[in-house]
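Listed below, chain by chain, are the residues.
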Amino acid sequence: MTIAVTKLRVEEKLYQNRYLVDPGRPHIKVRPHERPSANLLALTHICPAKCYELNDKGQVETTSDGCMECGTCRVLCEASGEIVWNYPRGGFGVLFKFG
Amino acid sequence: MIEEEFDAIVVGAGMSGNAAAYTMASQGLTVLQLERGEYPGSKNVQGAIMYADMLEQIIPDFRDDAPLERHLVEQRFWVMDDTSHTGMQYRSDDFNEAKPNRYTIIRAQFDKWFSRKVRQTGATVLCETTVTELVRSASGKVIGVRTDRAGGPIYADVVVLAEGVNGLLGTRAGLRKMPKPESVALAVKEMHFLPDEVIEQRFGLQGDEGCVIEAAGTISRSMAGLAFLYTNKESISLGIGCLVSDFAQTMESPYVLLDAFKNHPSIRPLIAGSEVKEYSAHLIPEGGYKAIPQLFGDGWVAVGDAAQLNNAIHREGSNLAMTSGRIAGEAIIEIKGRNQPMIRRNLALYKTMLDKSFVVKDLMKYKDMPALIHTNSRNFFMTYPQLMSQAAQNFMRVDGTPKIEKEKATTAAFIKARSRWGLISDVVRLALAWR
Ligand SMILES: Cc1cc2nc3c(=O)[nH]c(=O)nc-3n(C[C@H](O)[C@H](O)[C@H](O)COP(=O)(O)OP(=O)(O)OC[C@H]3O[C@@H](n4cnc5c(N)ncnc54)[C@H](O)[C@@H]3O)c2cc1C
Ligand code: SF4
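Sequence order for the protein chains is A and B.
Sequence positions in the first sequence follow the numbering used here and run 1 to 99.
Sequence positions in the second sequence follow the numbering used here and run 1001 to 1435.
Hint data in this document are derived by calculation from the structure and do not stem from the laboratory.
Beta carbons: idealized from backbone N, C-alpha and C, even for Gly.
Each hint can be trusted.
Not close to chain A: a few residues of chain B, all C-beta gaps over 12 Å, as computed:
#, residue
1, 1122
2, 1271
3, 1333
4, 1341
5, 1365
6, 1368
7, 1378
8, 1384
9, 1392
10, 1393
11, 1412
12, 1416
Stretch by stretch, here's where chain B covers chain A in the computed footprint (C-beta under 8 Å, at least three residues):
#, stretch
13, 13-22
14, 62-76
15, 90-98
The task is simple: from the sequences and hints, build the whole structure.
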């Protein structure tokens, strides 16, 4: 499956959700790196909101607007220091209507 | 912002936090509950089956006004390969009782209701407030919390950490380690809306009767995982979850798995024509007994998912959360009644009480299951489901092959795939872990 198709598929899903984005305060950051580790690279496939993507230099970047705060990336990449993960400020982030 | 000091601060307004706050505040303790979501439930995801007994012990008349979807009369277990499922099914009219045993719920609605009940007991509930840090005394005792709201720390005799599976506060304060990738599952879920009469027709239900399906097999692409489909009043919840370590290794995308499950020929007709209104993702603690961290210390206790109290084999979590929250509350009430300080030695009462409950006993029973399933995921989630389906099809297809030869072919297929030894050892190890 091409990346474009899966991206579209996730965006369609996330479109159903409600979010209150905290502008200018991303709650997840990726540490600058030359080559991503296997786990960091895996996030580009396994993050359920597809928040991680490879740039054309082969580095992993993140945009956390669609993040559902599941914690998968934290479990895989926080300990190594590759990402910094926090909850959004109170009230911000994903707002599940059903859950 | 808040000047007074509380008997207890509860972090989180999910199942465990609400149970703890309700238990303590209804016995007259001053309780402050802090929740980071806009409203209780806005961050929480569950299947969701709710087990009545554990809620009844906290709010006996919950059936009067709790937002319950359907009471379960039927459960199906499916082993799936790509085109089929082999199933076991249990349905009983005995489940149509005055006080049904299991209900489907929708967490965002249920948590709001539970939180209303907590407020009615006199507890103070503050939403849109993320607790950022635990405050400690010079001796290291937890004496309060800091939040992301303006104002200084808020103090309490004891802090109940009901912060869910990610448990940032507890891990960052060094009270426990972060869950390992092999002891948490990532689950994705969708809400599919359909008219209630369509749901009733498709599942053979009447009125508020409900049906649930639990499924395993090639749908998880050899990862250790399970899928589910639960009927609500006017919607169907469905999803799939696999261990995070397996996702990291296979690099499968959860949404691709979810779409494949929805498109499986056994599932597609059940949700045909539905309108999808939400897509969600959440972790589930699946490490079992061996992953339970330290549960108490000076000035704090941990309950529910934060303490990894989740029975993945039976897909029970909310009931362990409610029970551990209630028991923690009862232990705190007892210590307070004796006028004793909320220190480690005294709060050990919580663990003593929890050890005697079904929560720890059930997790202990399956203590070897997580490791077994993790190391054998390919056999349990790929090879056996395929073999099972072949065997069933072989048994049913009438094509002139003598029955004796059919049976031999089935046996040979099993031995070829797993070897005689492999089969025997899988059965023995499974039996031992189940014991
Ligand atoms: C897809 C899925 C299906 C499931 N199906 C079932 C099922 O059918 N039956 C069942 O019994 N269980 C099921 N479970 C498990 C069940 O949902 C959990 O065990 C249960 O929700 C745990 O309750 P809890 O109170 O411990 O945690 P949660 O319900 O996660 O609550 C934690 C709360 O703490 C808040 N919080 C966290 N950190 C902070 C902070 N720093 N400051 C302020 N607030 C904070 C969160 O916003 C949240 O409201 C399922 C789980 C998933 C993901
Ligand atoms: S928390 Fe979950 S949804 Fe958010 S970026 Fe990490 S993996 Fe993706």
